[in-house]
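Fit chains B, C and D to the supplied structure of chain A, relying on the hints for placement.
4 protein chains.
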Amino acid sequence: MSGCPYFQKKFVSASKQHLKEDENDDSQSGINKASKGGLIYGDYLQLDKIVTSQMLQSELKGNKIHDEHLFIVTHQAYELWFKQVLWELDSVREIFTSGHVRDERNMLKVNTRIQRVVMIFRLLLDQFSVLETMTALDFYDFREYLAPASGFQSLQFRLLENKIGVPQNQRVPYNRRHYRDSFRDQENELLLHSEQEPTLLQLVEQWLERTPGLEEDGFNFWGKLEAKIFEGLGREKENIEQKPASEMKEEMMAELIKQRDIFLSLFDERRHVYLLSTGQRRLSYKALQGALMIYFYREEPRFQVPFQLLTSLMDIDTLMTKWRYNHVCMVHRMIGSKGGTGGSSGYQYLRSTVSDRYKVFVDLFNLATFLVPREWVPKLDPSEHSFLYTAECCDSSYCSSDDSD
Amino acid sequence: MSGCPYFQKKFVSASKQHLKEDENDDSQSGINKASKGGLIYGDYLQLDKIVTSQMLQSELKGNKIHDEHLFIVTHQAYELWFKQVLWELDSVREIFTSGHVRDERNMLKVNTRIQRVVMIFRLLLDQFSVLETMTALDFYDFREYLAPASGFQSLQFRLLENKIGVPQNQRVPYNRRHYRDSFRDQENELLLHSEQEPTLLQLVEQWLERTPGLEEDGFNFWGKLEAKIFEGLGREKENIEQKPASEMKEEMMAELIKQRDIFLSLFDERRHVYLLSTGQRRLSYKALQGALMIYFYREEPRFQVPFQLLTSLMDIDTLMTKWRYNHVCMVHRMIGSKGGTGGSSGYQYLRSTVSDRYKVFVDLFNLATFLVPREWVPKLDPSEHSFLYTAECCDSSYCSSDDSD
Amino acid sequence: MSGCPYFQKKFVSASKQHLKEDENDDSQSGINKASKGGLIYGDYLQLDKIVTSQMLQSELKGNKIHDEHLFIVTHQAYELWFKQVLWELDSVREIFTSGHVRDERNMLKVNTRIQRVVMIFRLLLDQFSVLETMTALDFYDFREYLAPASGFQSLQFRLLENKIGVPQNQRVPYNRRHYRDSFRDQENELLLHSEQEPTLLQLVEQWLERTPGLEEDGFNFWGKLEAKIFEGLGREKENIEQKPASEMKEEMMAELIKQRDIFLSLFDERRHVYLLSTGQRRLSYKALQGALMIYFYREEPRFQVPFQLLTSLMDIDTLMTKWRYNHVCMVHRMIGSKGGTGGSSGYQYLRSTVSDRYKVFVDLFNLATFLVPREWVPKLDPSEHSFLYTAECCDSSYCSSDDSD
Amino acid sequence: MSGCPYFQKKFVSASKQHLKEDENDDSQSGINKASKGGLIYGDYLQLDKIVTSQMLQSELKGNKIHDEHLFIVTHQAYELWFKQVLWELDSVREIFTSGHVRDERNMLKVNTRIQRVVMIFRLLLDQFSVLETMTALDFYDFREYLAPASGFQSLQFRLLENKIGVPQNQRVPYNRRHYRDSFRDQENELLLHSEQEPTLLQLVEQWLERTPGLEEDGFNFWGKLEAKIFEGLGREKENIEQKPASEMKEEMMAELIKQRDIFLSLFDERRHVYLLSTGQRRLSYKALQGALMIYFYREEPRFQVPFQLLTSLMDIDTLMTKWRYNHVCMVHRMIGSKGGTGGSSGYQYLRSTVSDRYKVFVDLFNLATFLVPREWVPKLDPSEHSFLYTAECCDSSYCSSDDSD
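Residue numbers (my numbering), protein chains in the order written: chain A, 13 to 417; chain B, 13 to 417; chain C, 13 to 417; chain D, 13 to 417.
Extracted from the complex, chain A is given alone in its bound form (with noise of 0.2 angstroms):
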């Protein structure tokens, strides 16, 4: 920005660029610099279409309105963050696909994006209050003029649902419409393509399934929590009964009843299956053991980044709900609760998508109701269990050309 010096010459350059164009290129290199021209700012950012892109409607109309402009520029600004989300999401999702997490030393840079991803999405939720500054008055002068555009029909905001991995069959339809026949041909197909692509949940879920442990016939962990589980629910179960009759006494025997429910419906591959199904479980059963053991091995060295990835994956679940909260407090100000004059009310829909429908990484989040005390836990042996602090390198001829990227 002003006065920003980030752009001063490196004087590595000819070397570096030596290494990475052909031959002929430091004249050209020379050429550039030797002009007192070179790059300026702005055309490096192409401001010319950047910033000339504000055309008000209500202008064109011979009725301008001063706060349509906001409104563009806002939505712009949205637009641009949907681009970077989709820039790093994609950026993600090319590791996952092309194997490359299996380089662990991947794994910072899949964290860091992801990270990313969260911090954008919290600008976002900062950047209400700025179109906020404008009353429903103020909108109501213009809103007429923008008919029948919609911001259903963002492009880049269906495109980030379907690569994060928004189930097509949990969306609530919009006047009864598929939410792919408000856009052009063109779009359509990218939409389209979007489904069929591996979805980071789906790409998330097969690493999971790889996490190191989950071997039967390894460490077992699955097999050796539930046995430590119901072993523990049994010594607890003993202590109850010891204790003299009392109304607390068959309160914590309820209570523990309820409990082992709870696990045995965890350890109930069938239950897993018939809850993915009606889709209040989204990851695949091996998958959740994975995440389970990160959850309960989060500080051995191995999973010390998973778990900070699994975090972040709920922060952006948690963030893009509260973005479309955020929407919907925004419409109920700017249109009142009865909305526009046909189909369905914008602020009833909006409304219903505020949901767990549209949480996709929801299995995080309720793995929550699985906890138990840390005693329960199987215990690793470092001398036996070295998977938790070796990570797995690829050979370093491979990994080296993937130093770009």
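Think of the hints as simulated: they come from the structure by calculation, not from any bench. Some hints here could point you the wrong way.
For identical chains, the list gives no copy identity; a pair is met inside one copy or between any two copies.
[As the list claims (entries may be wrong)] Derived DSS-like pairs (lysine-lysine); straight-line CA-CA distance at most 25 angstroms:
#, residue 1, residue 2
1, Lys255, Lys73
2, Lys255, Lys270
3, Lys261, Lys249
4, Lys76, Lys391
5, Lys73, Lys261
6, Lys73, Lys249
7, Lys76, Lys61
8, Lys261, Lys236
9, Lys61, Lys73
10, Lys61, Lys249
Values in this document were obtained by computation on a predicted structure and should not be read as measured data.
Here is chains B, C and D on its own, set in the frame of chain A:
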């Protein structure tokens, strides 16, 4: 936004367009609506330009660096918001320049728009936290490709400074060159023009000079205030003198003398003229009086919104200075304190701009030095001084023409 | 704060205290200053109480868990700020109850304090991000020690709801019990008392009912507005009827009828009474008229600050509802959706409170449904209707007594 | 908070307490639960102390000023959060001091807690916006009552500075006195003690000195890096020399020489010792090497969390310096630049503390000066250098004793 139902039709469109446009327009509007097409979200926001303007220099040079995309998008978002700030500033300056501000009905508009600028700058401060997810090492990977572009070349930021009223003679030189030398001819003209137009500071100054109550042949605020203050100081002196001799008595007397000196300087017009010439004050003597009058009588109906306005102007100054400071902090992290390779250090230059030299409304802050007890403020008699609760509105015919903006 | 020089002496103290306190006070003040002691930062803030009130239950139970400290401090910070919100609410309610609000000089004070509540709630939203650095697993380690305490027992939050005006009959029952059952006798009385005092909603309602311009024998806003709207709808109908038959014509006519129905309902007092009885509206019919009048004439000098006030009241509602939603999100993450072991799920209960039932000023939002084109708003003639730029101030003797608060 | 169901019982309590406490505890726990009483929210948080500690000096002096309450609550909230920051800092310092950090399982804990401090400081920055709703005039009404108390007397803030590692010889003197002179005897001792304990800076320094890979008889990072850099600079020089004579060639050569000088200074230990003595550097030579090694190999599994830690430490520095700057801005607004009546101006004092002198981890920022192209970084061969993906864990018996904190 997603599913945003803002843009839905309002039934009144036909008749309203009837009023605003020519008679034949109905059919036009009819056709527009009949076609299932009509305005589309992406076209309205010109997203074909907005989200396609991210061209990575590193990619052009054959070495695509992931984080350059964030760098571009962040700067574009800054520029989008600068555009909005300029939009608001220009509209406020227009209200002042055209004299519309004399119709006090416009004060809400002025205040709301300045307040909006405050909210935007608050957002821009938060925006740093997104760019800070990029580390110095990530930045190093592509910064050479950006040379010699520099954020110093942000036209809009310089316009913004000029229009608010950063004085040219207070600017810190960058690499010993005039700030306009970094710009192309056409931009240079825009900048020169912005230096010559009335600044927000000057317009606010003129408005403050007209503060009702300053008239020497009327309420004569300044004369009355001077009398009351020195009367108060005199009583104070007597009080102290009656005390028995003590260290504390001497301290109090020393303080009293200091205070009297401060107020003597306040009422010394020649001193004001001197401070103006050195840049330590920026407002005319009369305007300073107006500001202090608004401070003291801020609860009078006619001064409530003007007082809010003065507060918002200080907010803008504070936020711009915080923005500069945040910028310095980020640059320190990104390139260290040594800065670039040639010329003066970017870090040191930016550091020097975080200064009261760049505070435009510095007088409003410094007025805090001249506050006095409520008892010393000249009393107003509502039955006599009706000017404080009777706003000035121009005649209705004039005002109605101002509806649209 | 650190090095904060706020508390430095002001020279005027002697004479000022002279005015405010009795004659002998000078010497007292003298001694106070002479001793090198005087007020000390930590004593002033009672830090011996504030920073020693963090007693970890886990530590008491012999199993100190680090993160419980964060849990305590965060909740204490919430309670500190709730105290401040109550302080502001009580002062505003006092201004309204005492009738001081009739002196329009008090509007700035009212507005500033409500605006401060807005800023506090904004901070409280941000505060969640600190508590969210604690994971579900960290929380699990100590949450059993806290049973059966519950945030439901926050006295100040319930007082705050009551004083703003959350209607008792709209409260969602928790575990099928009245909300006051969770409190001790003395607290119960405070709550009962807060239910019986005039709420902010009721006080704003009374104030809105007195909006100048509503008088049927005066400007008669409501009557004039009704006439203008139906006149406009009539013209609109004629416009549509003149168009050639088409699908679009039918659509427009259908819309027009819907709109007419909406406005018929607005001007139907019996319908209003019915909606009041169901809790869908909260303001009296007269107050609703006042609010709409302020909306339409918000730029008139006398309505500028009242309009800001209505906006701030909506801000409070929005922020409280966002606060509730953020709370829900955090609880989901901390304990999953199954919640506790007995009774209803905490998550589900909290989810149900994120609802328009808890929006106190819901009518102000819904007024957005009743906006009309500027041409339909009854015209004001400044020469005739001076009430819009002449504030009402009470006589000076009365007002001066109100200086101190 | 409201309806927060956190505190619900967990069924496991009986057996868990059994493990942690003595055998007789069960019955105790039984009684506790049986009584309908048990822990109550307000008692747990000691609200009888927290929300009753707001005693207005203005009220004591018979002139109650509404806004003093905000002033008190804001400062108390700051102090509450300072307590939390100290809690986190002490726990991190304890992990370092006790040597637990050698068990790399503790790195997640260290990083999470430092990250939490970051989030708290972010909140504290936002908190200024609440206090800024008080104007200079509101403050004037009660500030004399606070004399001679001063935020300079905040014990916790000074402790915090000392524990992080603000060097005593870099402190700006206030009114020409030692900072500890403003404190009472007991506080003075606490401060002295905190100066003598190992600071976070020193502990991080020791930890960095142990960075695996620094061993001269092992990977010998520093030796390898020096060789690679000067080899690179040599190649660079040859490249330039082969170019035909031109202005640009001379520029490039001049830059190259500058760069070589920078790197010569980096590898000159005596120069480092000199910079240490002047306070321009703070870390030992070995620690500086460790930090740079972590920077360059941040993606290696073993360095991912250490790299995050270094980033968070810079965040703390940046946020504390922003906090100081925000404080300066507020003080300017509240009391003007002239400050108090006696001694040095508070504003000027505070201004001088916004300086790199107070940046504790300034070396981490300045390392950005010493970045080099990825090709110059010594290569690692995973098959040979397994230390980068094999964490060091101590034996299980040792670690398990560390579970609780």
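Structure-based check of all given hints:
For the identical chains of this complex, Lys255 and Lys73 are inter-copy neighbours only, at 21 angstroms across copies versus 81 angstroms inside a copy, given an alpha-carbon limit of 25 angstroms. Taking the shortest Cα distances, Lys255 and Lys270 sit within 25 angstroms of each other inside one copy (19 angstroms), while across copies they are farther apart (69 angstroms). For a Cα distance limit of 25 angstroms, the shortest separation of Lys261 from Lys249 inside one copy, 11 angstroms, qualifies, whereas the shortest one across copies, 74 angstroms, does not. Taking CA atoms no more than 25 angstroms apart as the test, Lys76 paired with Lys391 passes between copies only; the shortest distance there is 22 angstroms, against 70 angstroms inside one copy.
Proximity of Lys73 and Lys261 under a CA criterion of 25 angstroms is satisfied inter-copy only: 21 angstroms between copies versus 76 angstroms inside one chain copy. In this homomeric assembly, Lys73 and Lys249 come within 25 angstroms of each other (Cα to Cα) only across copies, at 22 angstroms, whereas the closest approach inside a single copy is 76 angstroms. Taking the shortest Cα distances, Lys76 and Lys61 sit within 25 angstroms of each other both inside one copy (22 angstroms) and across copies (23 angstroms). In this assembly of identical chains, the alpha carbons of Lys261 and Lys236 never lie at most 25 angstroms apart, being 30 angstroms within a copy and 69 angstroms across copies at closest.
In the homo-oligomer, the alpha carbons of Lys61 and Lys73 lie at most 25 angstroms apart both inside one protomer (23 angstroms) and across protomers (22 angstroms), since each shortest distance falls under that limit. With identical chains, the CA atoms of Lys61 and Lys249 are never at most 25 angstroms apart, being 70 angstroms at best within one copy and 41 angstroms at best between copies.
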